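J.: Sequence:
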Amino acid sequence: MFQISEQPLRFLHKKIGDLQRICKRFGFISKIESLEKIGERLESPFFITVFGEVNAGKSSFLNALLGIPDLCKTDVDICTDRITVIKFCEKPKRRPIDNITEEVCINNPLLKGFVVVDTPGINSVLEHHTYITEKFLPRSDIILVVLPAYNPHTKPIWDW
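In the UniProt record's numbering, the protein residues as written are 1 to 160.
A couple of the hints might just be wrong.
Below are the DSS-like pairs computed for lysine-lysine, each with C-alpha atoms no more than 30 Å apart in a straight line [to be verified]:
hint: 1; residue 1: K135; residue 2: K112
hint: 2; residue 1: K112; residue 2: K37
hint: 3; residue 1: K15; residue 2: K93
Since the hints were made in silico from the structure, they are not lab data.
In this text, all values refer to a predicted model and were calculated from it rather than measured experimentally.
Required output: the full structure, derived from the provided sequences and hints.
T.: In C-alpha coordinates:
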(Lines of atoms letter the chains of each structure in order from A and count residues from 1; the text may use other names and numbers.)
(Lines give C-alpha, C1' and ligand atoms only; values in the text may rest on other atoms or scores of the structure.)
Protein backbone atom coordinates (compact mmCIF):
# COMPACT_ATOMS: atom_id res chain seq x y z
CA MET A 1 0.00 0.00 0.00
CA PHE A 2 1.39 3.40 -0.98
CA GLN A 3 0.41 5.94 1.59
CA ILE A 4 2.61 8.46 3.30
CA SER A 5 2.03 8.22 7.04
CA GLU A 6 1.10 11.36 8.92
CA GLN A 7 4.48 12.11 10.53
CA PRO A 8 6.56 12.19 7.30
CA LEU A 9 3.73 14.11 5.63
CA ARG A 10 3.87 16.82 8.33
CA PHE A 11 7.66 16.90 7.97
CA LEU A 12 7.41 17.38 4.18
CA HIS A 13 4.81 20.14 4.56
CA LYS A 14 7.07 21.90 7.08
CA LYS A 15 10.03 21.71 4.68
CA ILE A 16 7.89 23.03 1.83
CA GLY A 17 6.87 25.95 4.08
CA ASP A 18 10.54 26.58 4.91
CA LEU A 19 11.43 26.61 1.20
CA GLN A 20 8.55 29.00 0.45
CA ARG A 21 9.81 31.45 3.09
CA ILE A 22 13.34 31.24 1.65
CA CYS A 23 12.00 31.83 -1.87
CA LYS A 24 10.01 34.84 -0.70
CA ARG A 25 13.01 36.27 1.14
CA PHE A 26 15.28 36.02 -1.91
CA GLY A 27 12.69 37.08 -4.48
CA PHE A 28 11.98 33.72 -6.11
CA ILE A 29 8.25 34.43 -6.13
CA SER A 30 7.52 32.16 -9.12
CA LYS A 31 8.87 29.16 -7.20
CA ILE A 32 6.39 29.65 -4.33
CA GLU A 33 3.47 28.56 -6.52
CA SER A 34 5.39 25.46 -7.64
CA LEU A 35 6.01 24.55 -4.01
CA GLU A 36 2.31 25.03 -3.23
CA LYS A 37 1.44 22.58 -6.01
CA ILE A 38 3.90 20.05 -4.59
CA GLY A 39 2.23 20.38 -1.19
CA GLU A 40 -1.18 19.82 -2.77
CA ARG A 41 0.10 16.72 -4.61
CA LEU A 42 1.22 15.22 -1.31
CA GLU A 43 -2.44 15.17 -0.27
CA SER A 44 -3.66 13.67 -3.54
CA PRO A 45 -3.72 10.01 -4.55
CA PHE A 46 -1.00 8.68 -6.84
CA PHE A 47 -2.30 8.53 -10.44
CA ILE A 48 -1.29 5.53 -12.57
CA THR A 49 -2.53 5.90 -16.14
CA VAL A 50 -2.63 2.98 -18.58
CA PHE A 51 -1.77 4.19 -22.08
CA GLY A 52 -1.37 2.62 -25.49
CA GLU A 53 -2.99 2.25 -28.86
CA VAL A 54 -6.65 1.41 -29.24
CA ASN A 55 -7.25 -2.34 -28.70
CA ALA A 56 -3.77 -2.92 -27.26
CA GLY A 57 -5.26 -4.65 -24.21
CA LYS A 58 -5.26 -1.77 -21.72
CA SER A 59 -8.69 -2.57 -20.27
CA SER A 60 -8.00 -6.32 -20.19
CA PHE A 61 -4.74 -5.62 -18.36
CA LEU A 62 -6.55 -3.58 -15.70
CA ASN A 63 -9.28 -6.20 -15.33
CA ALA A 64 -6.64 -8.87 -14.72
CA LEU A 65 -4.53 -6.66 -12.44
CA LEU A 66 -7.47 -5.77 -10.21
CA GLY A 67 -9.07 -9.22 -10.41
CA ILE A 68 -12.45 -8.09 -11.75
CA PRO A 69 -13.15 -9.52 -15.24
CA ASP A 70 -15.79 -6.95 -16.24
CA LEU A 71 -14.43 -3.87 -14.45
CA CYS A 72 -13.40 -2.14 -17.69
CA LYS A 73 -15.34 -2.84 -20.88
CA THR A 74 -13.51 -4.98 -23.44
CA ASP A 75 -14.33 -6.02 -26.99
CA VAL A 76 -12.58 -6.83 -30.26
CA ASP A 77 -13.92 -3.53 -31.59
CA ILE A 78 -13.09 -0.14 -30.09
CA CYS A 79 -14.68 -0.23 -26.67
CA THR A 80 -13.23 2.26 -24.19
CA ASP A 81 -14.61 5.62 -25.25
CA ARG A 82 -13.89 7.71 -22.17
CA ILE A 83 -11.39 8.13 -19.36
CA THR A 84 -12.21 5.62 -16.62
CA VAL A 85 -10.92 6.65 -13.20
CA ILE A 86 -10.75 3.64 -10.86
CA LYS A 87 -10.29 4.21 -7.14
CA PHE A 88 -10.83 2.66 -3.73
CA CYS A 89 -14.18 3.04 -1.99
CA GLU A 90 -15.83 1.02 0.75
CA LYS A 91 -19.02 0.85 -1.30
CA PRO A 92 -18.58 -0.04 -5.01
CA LYS A 93 -20.21 2.32 -7.51
CA ARG A 94 -19.93 3.57 -11.08
CA ARG A 95 -20.90 7.08 -12.16
CA PRO A 96 -20.23 9.52 -15.00
CA ILE A 97 -18.24 12.58 -13.99
CA ASP A 98 -18.67 14.43 -17.30
CA ASN A 99 -19.01 13.63 -21.03
CA ILE A 100 -15.55 12.07 -21.23
CA THR A 101 -14.86 10.74 -17.73
CA GLU A 102 -16.34 7.94 -15.67
CA GLU A 103 -15.52 7.13 -12.04
CA VAL A 104 -15.49 3.53 -10.87
CA CYS A 105 -15.13 2.83 -7.16
CA ILE A 106 -14.20 -0.66 -6.00
CA ASN A 107 -13.49 -2.13 -2.61
CA ASN A 108 -9.94 -3.28 -3.32
CA PRO A 109 -7.31 -2.41 -0.68
CA LEU A 110 -4.61 -2.38 -3.39
CA LEU A 111 -6.07 0.93 -4.54
CA LYS A 112 -5.72 2.77 -1.22
CA GLY A 113 -3.63 5.83 -2.02
CA PHE A 114 -3.82 5.17 -5.77
CA VAL A 115 -6.04 6.03 -8.68
CA VAL A 116 -5.75 3.81 -11.75
CA VAL A 117 -6.90 5.27 -15.06
CA ASP A 118 -8.00 3.44 -18.21
CA THR A 119 -7.79 5.51 -21.40
CA PRO A 120 -9.33 5.08 -24.86
CA GLY A 121 -5.85 5.17 -26.37
CA ILE A 122 -4.24 6.64 -29.44
CA ASN A 123 -4.40 5.78 -33.16
CA SER A 124 -8.17 5.42 -33.13
CA VAL A 125 -10.46 6.01 -36.08
CA LEU A 126 -12.22 8.39 -33.68
CA GLU A 127 -9.91 11.39 -33.25
CA HIS A 128 -11.41 12.46 -29.94
CA HIS A 129 -10.07 9.23 -28.36
CA THR A 130 -6.51 10.40 -28.96
CA TYR A 131 -7.39 13.92 -27.84
CA ILE A 132 -8.93 12.94 -24.49
CA THR A 133 -6.16 10.41 -23.85
CA GLU A 134 -3.39 12.95 -24.47
CA LYS A 135 -5.25 15.64 -22.51
CA PHE A 136 -5.37 13.41 -19.42
CA LEU A 137 -1.74 12.22 -19.42
CA PRO A 138 -0.22 15.32 -17.71
CA ARG A 139 -2.32 14.53 -14.60
CA SER A 140 -0.52 11.20 -14.25
CA ASP A 141 2.26 10.38 -11.83
CA ILE A 142 3.15 7.22 -13.75
CA ILE A 143 2.15 6.14 -17.25
CA LEU A 144 2.10 2.42 -18.00
CA VAL A 145 2.39 1.78 -21.73
CA VAL A 146 0.60 -1.37 -22.90
CA LEU A 147 1.84 -2.91 -26.14
CA PRO A 148 0.07 -5.84 -27.82
CA ALA A 149 2.22 -8.97 -27.66
CA TYR A 150 1.30 -9.89 -31.23
CA ASN A 151 2.71 -6.60 -32.60
CA PRO A 152 4.65 -4.42 -30.15
CA HIS A 153 6.39 -2.48 -32.93
CA THR A 154 3.53 -0.38 -34.28
CA LYS A 155 4.64 3.02 -35.54
CA PRO A 156 2.08 5.26 -33.75
CA ILE A 157 3.07 4.22 -30.23
CA TRP A 158 6.78 4.60 -30.93
CA ASP A 159 6.26 7.93 -32.70
CA TRP A 160 4.21 9.23 -29.82
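J.: Hint by hint, note whether the structure agrees.
T.: Taking the hints in turn, this is what the structure says about them:
1. At roughly 25 Å between alpha-carbon atoms, K135 and K112 fall within 30 Å of each other, so this suggested pair holds.
2. With a C-alpha separation of about 22 Å, the suggested pairing of K112 with K37 holds against the 30 Å cut-off.
3. Note on K15 and K93: the hinted pairing is violated, with a Cα-Cα distance of about 38 Å set against a maximum of 30 Å.
Hint compliance for this structure: hint 3 alone is broken.
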